[in-house]
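Please arrange chains B and C on chain A, whose structure you already have, making use of the hints.
Chains as they are written, first to last, in the working numbering: chain A, 4 to 341; chain B, 9 to 296; chain C, 1060 to 1325.
Hint data in this document are derived by calculation from the structure and do not stem from the laboratory. Don't be surprised by glycine CBs; every beta carbon is placed ideally from N, CA and C. Some clues are possibly wrong.
[What the hints assert, rightly or not] Pairwise CB distance ranges (calculated):
id: 1; chain 1: A; residue 1: Asp154; chain 2: C; residue 2: Lys1303; range: 32 to 42 Å
id: 2; chain 1: A; residue 1: Leu213; chain 2: B; residue 2: Ala37; range: 50 to 60 Å
id: 3; chain 1: A; residue 1: Arg109; chain 2: B; residue 2: Val217; range: 48 to 58 Å
id: 4; chain 1: C; residue 1: Gly1118; chain 2: A; residue 2: Met134; range: 51 to 61 Å
id: 5; chain 1: B; residue 1: Gly124; chain 2: C; residue 2: Arg1252; range: 49 to 59 Å
id: 6; chain 1: C; residue 1: Asp1082; chain 2: A; residue 2: Asn129; range: 45 to 55 Å
id: 7; chain 1: C; residue 1: Thr1086; chain 2: B; residue 2: Gly124; range: 25 to 35 Å
id: 8; chain 1: B; residue 1: Val217; chain 2: C; residue 2: Lys1311; range: 49 to 59 Å
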Amino acid sequence: MNRAEPAAGAPLLELEGVTVRLPVEGSMQAVLQDVSFAIRPGEALGLVGESGSGKSMTARAIDRLLPPGAAVTGRVRFGGRDVMTLSGADLKRFRGEVAMIFQDPRAHTNPVRRIGDFMTEALRTNARVPMDEAARRAVDLLASVGIEDGDRRLRQYPHELSGGLLQRVMIATALLTRPRLLLADEPTTALDVTTQAEVLAILDNLRSELSLAMLFITHNLELAAAICDRTVVMYAGQVVEVRESNRLHDQPLHPYTAALAAARPSIDATAHRLTAIPGRPLSAFEAPAEACAFTARCPYAADVCRERRPALVELDGGLTRCARARELFGRLEVELHA
Amino acid sequence: MSVAAGLATAAWRRYRAGRQRRTSPVLIASAAVIVLATFVAVAGPLLAPYNPDLPDLSQYFVGPTPDHLLGFDAQGRDVLSRLLVGARTSMLGPLAVTLMCMTLGSLLAVTAAWRGGIIDAFISSGLDILFAFPGILLAVLAAAVFGAGLLAPVLALSVAYTPYVARVLRGAALRERAQPYIAALEVQGASSVAICLRHLIPNMLHLIVAQATTLFGYAMVDLAAISFLGLGVQPPSADWGVMVSENQQGIIQGFPIPALAAGVCIVFVVIAFNLLGERLYERGEARR
Amino acid sequence: MPEPVLEVEGLRKEFGPRLAVDDVGFTIPQGGSLAIVGESGSGKTTVAKMIVGLERPTGGTIRACGRDRSTPARSTRERRRRGREVQIVFQDPYTSLDPRQTMEEAIDEVLRMHQGWQPKRRMERVRELSDMVGLDARQARALPRSLSGGQRQRVAIARALAAEPRVLILDESVAALDVSIQAQVLNLLADIRDETAISFVVISHDLAVVRQLTEQIVVMWRGRLVERGQTADVLDHPQADYTKLLRASVPKPGWKPQRRPAVATG
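The following block holds chain A by itself, in its conformation from the complex:
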């Protein structure tokens, strides 16, 4: 396969000031606001946010699956090439190198088509791989996601498989085109916790074997922190924090991240009350243009937060979009968890 090889150390995927506007009630409104981050080859990047934060829209923007009428500015580069201008064979190749898995595998399979048919479709039609060769590869990949009786599974229909099994089939399918980046949109949210652990373990193994990069989208901060190298936190269509995952809980940079962590009940201790964040999450188009989007819910909001939208600034090896970040550094985790 002819791949655009990035220079050593260069990011595999790079988003630069991506803004997406959709026609909402007659006017164009931003659903993503100046989103920038990068994924290095083989890196697992978490993308965390509540509903309306734009996390799924970000994945759609990367894979060029935005709804009709969407206006995009900014740049998405994959392997050094501008994704927005790809067309024809280049676009096809790009789609093969960037695979996607979703929350609800059942909604993404055709109930009347067999697993084998579904799995090998992309290979047979796009890469013109003969049927038996495609099936052989599918069985190999099923084995690598822990499904040993692949031959039998290929002849089954989606309804004959449990949710966890079907999600593993989806992972195997996504890997058939030998992608370099996996966009995983809440892939384990619909699964039981023990099944989730298993699917994640499989993903983890495969990723290191194939040096596959991953964008892991989830609403679960603990989950992202546990399995990703770095985590991007989004709020109201903006990136508010980018941080090494292992420091996200101990030393969050943005009050929203700290508040999100504090709002979750703990499995290790019983608290009488939780530190809830007042109000509800904002959508991007509800966010004020001239202020920090989190102001209304932030216990640390001050005049400076209401004057202009803060820029993403570097702090302690991470990035944060908070006007008072430096001042609050080291205090958030202590005060909010009290």
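Chains B and C alone, transformed into the frame defined by chain A:
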């Protein structure tokens, strides 16, 4: 966990809602046609410029004149007057069929869906048997047995169409019955009748209305066909279906207006009802 | 030992050849709270449905406030009395409200069913309940489609409380909510417990939520109880293999996902 969580972000919902909220010109046009037809059905005899039943054989298939805008029919009667007066029977028949079908169909559908088990099986297989009879054949049969006129075909079509209505509504009722809000009402101790009347049926109303409008169109075409065959409304009564039948020789003889005018009325009203039904259903779904 | 509000004994449910619930039993003292945890297919939701009368048990008994409810209610009066004993809040806030009813109307309907009150008294109660769950008058008069998920779930909680039940079953009631909203609703539930001496049965797969809301816990696996005890004890020192696996599967910083080892029957 919501299945559509990936897409159901607030932005996405509003984006979709925005696309659906625009009032479509098709909807307005359909509603206008229906309002006009209904008005004529009520006030037709008052609007008719001439006696619709008065023949004047000297005016056999005379084309439009300034006084008689649509000319005369095969028996020299004023076509416009007959159209205006004929609207009443032409609209009343389908209305009766629709009302009967919807009442019977909803009742059967909700009963089957709510009770389930043996009762559902009984109703469903009964409907399946009725499915086997084509509506128009049943109506011809009924007319042959009970005599021609409006009543027999209306009853026959009601019986023939009820299975279609009931089947669609039963599916919807089953879906609605499985909603947790219905279970919540059961846990509260509300009675089945109260739940069905106050919650289940109102939540199916958009589908019921949509079905009714579509059915009205079908019934109108069928009743016109039956009239055309001479088994429905009897001449000399003014009726659109009868008018097509009476004036068919005019089409061959180069005087298409009398038959065509009645045909065009039927087609316009049927299309208007169908389009309205479709749009009403889409709106009802979008509002949920 | 206070009088139990809910006693379940030898509960069993078969769906055709499949045994969904097998010999499940527990009691909840007045004001106490119990968690039923397990994965999908463990039978926990079936147990909840049997308690509220949406499924009929194949065997075993369920008693609430000392009265048997293992067979269907025979009269409207009996059905309503059961409604005043146990209520339930479902998982999905988007389908658990009638889309055509405002919160005011929904609660008023429940009050009319259970209390012989005048309209004025009912309106007062609607206002009390909406205050309690933190919704303002405008939201109480809005249709569900203009409310957010968290607000809808508050409406569902208020509606369940309108019957003044002794036991409230929360069937994954906060699972579909955003984290920040989930915390608000969990705090709301804690307040309600403090104020009303109501008992909770919390059906959940989320062990952290369970720890937050309950004192007692039972763990279900394939239709059976595999472990029971004080919630904190069981979560801190799980005994059954399945509970240990469940506990180990919860992600936290430094967590390494594990392939599932074979689980021996607990």
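Violated hints, by number in ascending order, as checked against the structure:
Hints 3 and 5 not satisfied by this model.
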